[in-house]
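Student: Here is how the chains run, residue by residue.
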Amino acid sequence: MSTLEMGQLKFISETAGDSLVIHIEGSINEDLVIEKAAELKHAHIIFDMQKVKMINSCGIREWIRMLDQHGTEAKFEYVNVPQIVIQQMNMISGFLTKNAKVNTFYAPYFIEDLDEERQVLLKADEIKDFKAPKMSATVDGTEYELDFDAIEDQYFRFLKR
Amino acid sequence: MIAAHQVLILSDTPQDIVKQLESIIVELRMPAIRFIHPSKIYRSDLIESVCVLMDHAWFEKNQNLRELILSHSDKLGILATVSGQEEMNRILKETGACHFFGMSGTHTFQDIVNFLNARIENRFWTAETFIEPPVTAKSHFRFESSENLEQQITRALEPHDLLSTFEGFKPILEKILNETLTNALFNAPVDSDGSPVHRARNRKEVVLADPDKIPTLDIIEDADKIILTVRDFYGSLTKKVIDHYLTHGQVAEKEGGAGVGLFLILRDAHKLVINIEPGKMTEFIIVLHKFKRFFHYQVLEKSFHLFERKPS
Chain S
1 MSTLEMGQLK FISETAGDSL VIHIEGSINE DLVIEKAAEL KHAHIIFDMQ
51 KVKMINSCGI REWIRMLDQH GTEAKFEYVN VPQIVIQQMN MISGFLTKNA
101 KVNTFYAPYF IEDLDEERQV LLKADEIKDF KAPKMSATVD GTEYELDFDA
151 IEDQYFRFLK R
Chain H
1 MIAAHQVLIL SDTPQDIVKQ LESIIVELRM PAIRFIHPSK IYRSDLIESV
51 CVLMDHAWFE KNQNLRELIL SHSDKLGILA TVSGQEEMNR ILKETGACHF
101 FGMSGTHTFQ DIVNFLNARI ENRFWTAETF IEPPVTAKSH FRFESSENLE
151 QQITRALEPH DLLSTFEGFK PILEKILNET LTNALFNAPV DSDGSPVHRA
201 RNRKEVVLAD PDKIPTLDII EDADKIILTV RDFYGSLTKK VIDHYLTHGQ
251 VAEKEGGAGV GLFLILRDAH KLVINIEPGK MTEFIIVLHK FKRFFHYQVL
301 EKSFHLFERK PS
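Residue numbers (the working numbering), protein chains in the order written: chain S, 1 to 161; chain H, 1 to 312.
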């Protein structure tokens with residue numbers, strides 16, 4: 001594993017088979033130095049977004065520029081994408097580039113009986129017709145149904161791209 | 001004789017949103033309000049008014065009215081029932097309206113009354129416009145530099161209890177503050193000729209605010225809402241810039257900022273109010289309702305308001 005630090009942002013990379021997995025930690029913002037980040041060149045990169053805290057407008061631009069540095073032949077996959085990044089992917093045209101796809105992402109659910117929210121990790125191929133899959137959770141031995149807690153058509157928009 | 005401070009309300013059909021509000025607005029007995037049939041409006045009516053409030057449906061179905069209104073879009077307030085952010089953006093882009101009221105919810109009527117009062121009295125809206133006492137928390141901060149902006153924002157939010165909101169609410173506030181304060185520190189400062197001082201600089205650089213013009217942040221809360229007010233003391237933002245960036249969701253390949261900050265703020269806010277006093281001050285007021293559920297945050301109606309005090 002090697003770590004690339006850019007201010008508050010960390011890229012921790014490791015090779016997994018034919019892919020390079022990069023675990024992103026911190027805020028994707030102006031700290032992202034594309035020349036540095038683009039040194040982690042590989043034909044197939046998996047970005048693990050689990051520990052991304054925030055992404056701002058400058059971060060989105062630098063991210064897109066960084067991907068551009070890899071060329072159009074490179075393939076990118078995103079895993080463990082948190083809600084705050086999904087919201088940006090849905091908002092900003094071009095954030096999710098043509099050579100990139102989201103494999104797994106978090107989605108908000110709610111347990112009405114317990115008045116509790118849950119972030120549930122979903123696989124992109126579980127989403128059929130932009131409908132959230134039914135989920136349940138067992139808490140203290142009782143099974144509860146989870147309500148999807150967003151407007152489906154808006155939350156899953158990134159899958160249409 | 002038409003009073004020069006008149007608010008024109010264009011309405012006609014019972015289906016018209018404005019018409020549905022008419023009886024309530026009439027009860028307010030505001031002498032400056034004049035109802036007028038959309039097909040009977042003249043250019044002189046628009047010139048002499050301070051504001052025109054209309055249902056978006058009229059804008060779409062009457063070409064003559066559309067052309068007339070477009071030449072006075074700085075006075076235009078649009079009421080519309082929209083199904084999502086894209087539709088709101090389309091309407092703002094198409095009309096250039098300074099005021100947009102999403103009409104899907106219950107908070108809008110009081111806003112319209114407040115809006116009419118503000119226009120008639122030539123006042124800005126303030127954070128207090130939206131507060132329903134008691135105030136549950138209040139704080140004030142100054143941002144002397146862009147150094148460690150994220151940590152400064154985290155500290156600013158510390159006095160505010162966001163535990164009763166959904167998990168992603170705090171990151172939304174942090175992002176809005178990041179965009180508005182970056183704007184106040186980098187984009188707002190201009191020299192005596194009006195030329196930008198820091199606008200083209202990389203946002204990684206540390207800029208220091210002019211000691212006489214330090215941007216401020218005020219946060220005020222009531223039981224239901226949190227209201228962020230970010231103020232710079234340059235007043236350099238213009239309607240032209242807002243029109244360009246507000247609904248533009250594509251990153252710009254240019255020096256300085258990415259050009260999507262304003263777009264992101266509009267997406268995240270329930271109400272976005274921009275007060276501009278040219279050469280003196282620009283104020284962003286962002287109203288967010290506090291919800292336990294993301295869904296409720298997402299479906300609440302949205303509005304946009306630009307109040308610009310013309311130089312005398």
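Calculated from the structure, these hints are not laboratory results.
For clarity, every value in this text was computed on a predicted model and none was experimentally measured.
Don't take each hint at face value.
[As the list claims (entries may be wrong)] If you want the footprint, here are the derived chain H segments under chain S, 3+ residues with CB under 8 Å:
(1) 174-185
(2) 200-209
(3) 232-244
(4) 288-294
For glycine and all other residues, C-beta sits at the position ideal for the given N, C-alpha and C.
Student: Counting residues of the stretch 288-294 of chain H with a beta carbon closer than 8 Å to any beta carbon of chain S, are there 3 or more?
Tutor: holds (count 3)
Student: Are there three or more residues in the stretch 232-244 of chain H whose C-beta lies closer than 8 Å to some C-beta of chain S?
Tutor: This one is violated; 0 residues, fewer than the three required, reach chain S with a Cβ under 8 Å.
Student: Using a Cβ cutoff of 8 Å, are there at least 3 residues of the stretch 200-209 of chain H near chain S, or does the coverage claim fail?
Tutor: Satisfied; 3 residues make the cut.
Student: Between the stretch 174-185 of chain H and chain S, are there enough contacts, at least three residues with CB-CB distance under 8 Å, for the coverage claim to hold?
Tutor: holds (count 5)
In this structure, the one hint that does not hold is number 3.
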